[in-house]
Each structure stands twice: as C-alpha cells, then as structure tokens.
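A.B. asks: The primary structure of each chain is shown beneath.
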Amino acid sequence: SQTIHQWPATLVQPVGSPLSLECTVEGTSNPNLYWYRQAAGRGLQLLFYSVGIGQISSEVPQNLSASRPQDRQFILSSKKLLLSDSGFYLCAWDTGGEMGIQYFGAGTRLSVL
Amino acid sequence: SQQGEEDPQALSIQEGENATMNCSYKTSINNLQWYRQNSGRGLVHLILIRSNEREKHSGRLRVTLDTSKKSSSLLITASRAADTASYFCATASNTGKLIFGQGTTLQVKP
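Protein chains in written order, with my numbering: chain A, 187 to 299; chain B, 884 to 993.
It is possible that some hints are incorrect.
Heads up, simulated BS3-like pairs for lysine-lysine below, C-alpha to C-alpha not over 30 angstroms straight-line [said to hold, decoys possible]:
| id | chain 1 | residue 1 | chain 2 | residue 2 |
| --- | --- | --- | --- | --- |
| 1 | B | Lys939 | B | Lys980 |
| 2 | B | Lys909 | B | Lys953 |
| 3 | B | Lys909 | B | Lys952 |
| 4 | B | Lys980 | A | Lys265 |
| 5 | B | Lys980 | A | Lys266 |
| 6 | B | Lys909 | B | Lys980 |
Derived, one-sided and incomplete: chain B residues facing chain A with beta-carbon distance under 7 angstroms [what the hints assert, rightly or not]:
| id | residue |
| --- | --- |
| 7 | His928 |
| 8 | Ala975 |
| 9 | Leu981 |
| 10 | Phe983 |
Think of the hints as simulated: they come from the structure by calculation, not from any bench.
The beta-carbon is built from N, C-alpha and C at its ideal position, and this holds for glycine as well.
Isolated chain A, as found in the complex (with noise of 0.2 angstroms):
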C-alpha cells in the first residue's frame, strides 16, 4: 500500500533563517507531487506541483522554492524565511489518473518567530 510521509511536524524557526520540509512517498512510481500552505480557518494554497523528476511548477510568486530530487522526494525549501511563512504546510501525491484523488501526507505547522 502506499504511504506517504512528511517531517518534521512542528517547526519554529527565526525570520531571515532557512527552511527545508521534505515530503517522501512510497509504494507507488511516479506519482504528482504537491506542496500546499494553509493559513488557520482557511482553505489549501497550491505553492508548487511537480509530474517528474526535476518538474516543478509555481503558482504563486513567493519567497518558496521546492525541489524534486528523486521520484518520491518533494523538497519545500527557502532561503531566508519571513513571518508571513508561518502556517501549515501540506504534501500531497496522485496518479495522475483522470479521477485526480489526492493524498496528503499529516503537515507540518511552521511558526516563524
């Protein structure tokens, strides 16, 4: 069965320092990736989405990068953080079948003091 994982799930980092969130996914071979923000109360921002390795689309301009080292690797990352980072932090993969079910990984809530 496939799993996908996400760490570390709670993170509080200072403003100006650097971020990496990795997200890891297993029991299936190229699958979509994605990495979503979600602010308290609110609904999923899709920030990056990736069909291969090395493929990365933005949806937002931000102060974000992700990376896809490997088939199953997603990578959120930045180099110098700001406070309006904080939030929560979601991954998700699908098959890239036509249904397009997705299935995310427990979060991360990063706190940027």
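Given chain A, put chain B in place with the hints provided.
C.D. replies: Chain B in isolation, oriented as in the chain A frame:
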C-alpha cells in the same frame, strides 16, 4: 484563486442530527470531491462525484451535484461526535489540479 465557496463556514449540531454542507464553484469540472480534515492533520478523501452524476452515496455520506447551478452538497446522516472536523470540497478540471474551497467546520456535540 479559490474556486470553491462553501456554506456555512461553521456548523454546530447535536449527535444524531444530520449535517448539510454546500459548495459552489465557477468553472466547468470533471469531478467534484469532498475531503475531511481533523484538527491539525492532513486531508482525507471521502467521496468523488463525476460531472455526469447527480447523486452518490457512501455509508452515511450523500453527495449531490447540480452542474447547471455549479453547486454540490454533502449530507452526513446520523452524525457522531467523531464526525467533528473541517470538510472541504475540491473541483477537478482538465488542468489536472484540484481547487479547494474554504471549508466548513463541523462540530457535533455529544
């Protein structure tokens, strides 16, 4: 931009009552999905309804879709305290990406 608008934003009911949430969207879709999110956790897929379907059932869940009105509803029957969560609709189109609504927060009181 978010396509889905959900109504109500928050809903509080007693255990055993039914809960109804609505979702409206703007563009044509291939399917509409509903997800559940427990507090501080990831989303879990509940049910999918295709654009050519009008109603679908899964256990205590009933979803309807009206493509002429660009709207959907999720009904949870005989609610339980464990149903307390946020519920999101998401639309899938030819872009291959999902667009999520803002969600409805459901509280079921025991």
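A.B. asks: Leu981(B) was flagged as interface toward chain A. Is the shortest Cβ-Cβ separation under 7 angstroms?
C.D. replies: At about 6 angstroms, which falls below the 7 angstroms cut-off, the nearest Cβ of chain A leaves the hint on Leu981(B) intact, so it holds.
A.B. asks: The hint names Phe983(B) as touching chain A; please verify it with the least Cβ-Cβ distance against 7 angstroms.
C.D. replies: Phe983(B) check passes; min Cβ-Cβ to chain A is 4 angstroms, inside 7 angstroms.
A.B. asks: For the pair we were handed, Lys909(B) and Lys953(B), check the Cα-Cα distance against 30 angstroms.
C.D. replies: This hinted pair holds, its Cα atoms lying about 7 angstroms apart.
A.B. asks: Can you confirm whether the C-alpha distance between Lys909(B) and Lys980(B) stays at or below 30 angstroms?
C.D. replies: 15 angstroms, holds
A.B. asks: Under 7 angstroms is the threshold here; is the Cβ of Ala975(B) close enough to any Cβ of chain A for the hint to stand?
C.D. replies: 4 angstroms, holds
A.B. asks: Just to be careful, I want the Cα atoms of Lys909(B) and Lys952(B) compared with a cutoff of 30 angstroms; is the pair within it?
C.D. replies: Holds, at roughly 9 angstroms.
A.B. asks: Restraint: His928(B) near chain A, CB-CB cut 7 angstroms. Satisfied or not?
C.D. replies: 5 angstroms, holds
A.B. asks: Between Lys980(B) and Lys266(A), does the CA-CA distance stay at or below 30 angstroms?
C.D. replies: With Cα atoms ~28 angstroms apart, Lys980(B) and Lys266(A) stay inside 30 angstroms; holds.
A.B. asks: Tell me if the straight-line CA distance from Lys939(B) to Lys980(B) falls inside 30 angstroms.
C.D. replies: At roughly 22 angstroms apart (the allowed maximum being 30 angstroms), Lys980(B) and Lys939(B) satisfy the hint.
A.B. asks: Between Lys980(B) and Lys265(A), does the CA-CA distance stay at or below 30 angstroms?
C.D. replies: 27 angstroms, holds
Every hint, counting from the list given before, is met by this structure.
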